[in-house]
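Turn these sequences into a full structure, and let the hints guide you.
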Amino acid sequence: KAGVTQTPRYLIKTRGQQVTLSCSPISGHRSVSWYQQTPGQGLQFLFEYFSETQRNKGNFPGRFSGRQFSNSRSEMNVSTLELGDSALYLCASSLVAGGETQYFGPGTRLLVL
Amino acid sequence: AQSVTQLDSHVSVSEGTPVLLRCNYSSSYSPSLFWYVQHPNKGLQLLLKYTSAATLVKGINGFEAEFKKSETSFHLTKPSAHMSDAAEYFCVVTPRGTGRRALTFGSGTRLQVQP
Chain A
1264 KAGVTQTPRY LIKTRGQQVT LSCSPISGHR SVSWYQQTPG QGLQFLFEYF
1314 SETQRNKGNF PGRFSGRQFS NSRSEMNVST LELGDSALYL CASSLVAGGE
1364 TQYFGPGTRL LVL
Chain B
23 AQSVTQLDSH VSVSEGTPVL LRCNYSSSYS PSLFWYVQHP NKGLQLLLKY
73 TSAATLVKGI NGFEAEFKKS ETSFHLTKPS AHMSDAAEYF CVVTPRGTGR
123 RALTFGSGTR LQVQP
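So the protein lines, in turn, are chains A and B.
All residue numbers for the first sequence refer to our numbering, where the first residue is 1264 and numbers rise by one.
All residue numbers for the second sequence refer to our numbering, where the first residue is 23 and numbers rise by one.
These aren't lab readings, by the way, just hints derived from the structure by calculation.
Any given hint could turn out to be false.
[To be verified] Below, a sample of chain B positions facing chain A; criterion: calculated Cβ distance under 7 Å: (1) HIS61; (2) LYS64; (3) GLY65; (4) LEU66; (5) THR116; (6) PHE127; (7) SER129.
[Claimed, not checked] Pairwise CB distance ranges (calculated): (8) A:THR1277 with B:THR39: 43 to 49 Å; (9) B:GLN24 with A:LEU1346: 27 to 33 Å; (10) A:THR1301 with B:LYS80: 31 to 37 Å.
Note that CB positions come from ideal geometry on N, CA and C, so glycine has one too.
Following this line, the structure appears as structure tokens:
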């Protein structure tokens, strides 16, 4: 069974731009969660989607948003990029919302200049 | 509320010697606990998990961890380190059975394996 895939793997943007990241979960998994990883803050939960609905949300500003499609694929969008948004963005899938065991993708590394 | 403390930010061992990565947790709920490993420029890979069954949990690549409720610990061990074990390791806690996405990650322990 294929694992979680994320595209693109690397991105360079400038301040003020917006960016969209994509995540395809493991086949049959209906929950997708997004995390931000930075050296200073570590791993932080952004939000979780299940059945095309946001089910849980972390403590991030409204510039961070997401959505999920009927095939469970998810996208994350960051608008008005700031330098501090430079990070590794990880996507994880699980069978159900709040499912304890999550499987992570390789991440998208975003650099904001 | 819940929290995770990984007691060592860096651990260095020689190849073939035992590995011990320490993790203490606190949780208002009965916890589920996980260890993940992250190799450079890679995502997180699940090593093992504790979800209320046996307190000694065996994972992949020879790793195991023991849930000790009285000590609120979930230390990760391996009898003999291999060069390929060099990576960053994260201890994670979540409240069990609540259906809430409430994973709390430790700050990570970087394992260095010397030849």
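- [ ] Tell me if LYS64 (chain B) is really an interface residue toward chain A, meaning its C-beta lies closer than 7 Å to one of theirs.
- [x] Hint on LYS64 (chain B): holds, closest Cβ of chain A at ~6 Å, below 7 Å.
- [ ] Hold the hint about THR116 (chain B) up to the distance rule: shortest CB distance to chain A must be less than 7 Å.
- [x] 6 Å, holds
Task: Restraint outcome when SER129 (chain B) is required to lie within 7 Å of chain A by C-beta distance - done: For SER129 (chain B), the interface hint holds, since the closest Cβ of chain A sits about 5 Å away, which is under 7 Å.
- [ ] Given the range 31 to 37 Å, decide if the beta-carbon distance of THR1301 (chain A) to LYS80 (chain B) lies inside it.
- [x] At roughly 32 Å between Cβ atoms, LYS80 (chain B) and THR1301 (chain A) fall inside 31 to 37 Å, so the hint holds.
Task: Cut-off 7 Å, beta-carbon criterion: hint that LEU66 (chain B) touches chain A - done: 4 Å, holds
Open item on the list: Looking only at beta-carbon atoms, does the pair GLN24 (chain B), LEU1346 (chain A) fall within the given range of 27 to 33 Å?
Closed with: With a Cβ separation near 31 Å, GLN24 (chain B) and LEU1346 (chain A) satisfy 27 to 33 Å, so the hint holds.
Task: Cut-off 7 Å, beta-carbon criterion: hint that GLY65 (chain B) touches chain A - done: Holds, because the Cβ-Cβ distance from GLY65 (chain B) to chain A comes to roughly 4 Å (cut-off 7 Å).
- [ ] May I ask you to test the interface hint for PHE127 (chain B) with respect to chain A, counting a Cβ-Cβ separation under 7 Å as satisfied?
- [x] It holds, given that the least Cβ distance between PHE127 (chain B) and chain A is near 4 Å, below 7 Å.
Task: HIS61 (chain B) as chain A interface residue, shortest Cβ-Cβ below 7 Å - done: Where the cut-off is 7 Å and the nearest Cβ of chain A is about 10 Å from HIS61 (chain B), the hint is violated.
Task: Whether the CB-CB distance between THR1277 (chain A) and THR39 (chain B) falls inside 43 to 49 Å - done: Given a distance of about 47 Å, which is inside 43 to 49 Å, the answer is holds.
Of the numbered hints stated above, the single one contradicted by the structure is hint 1.
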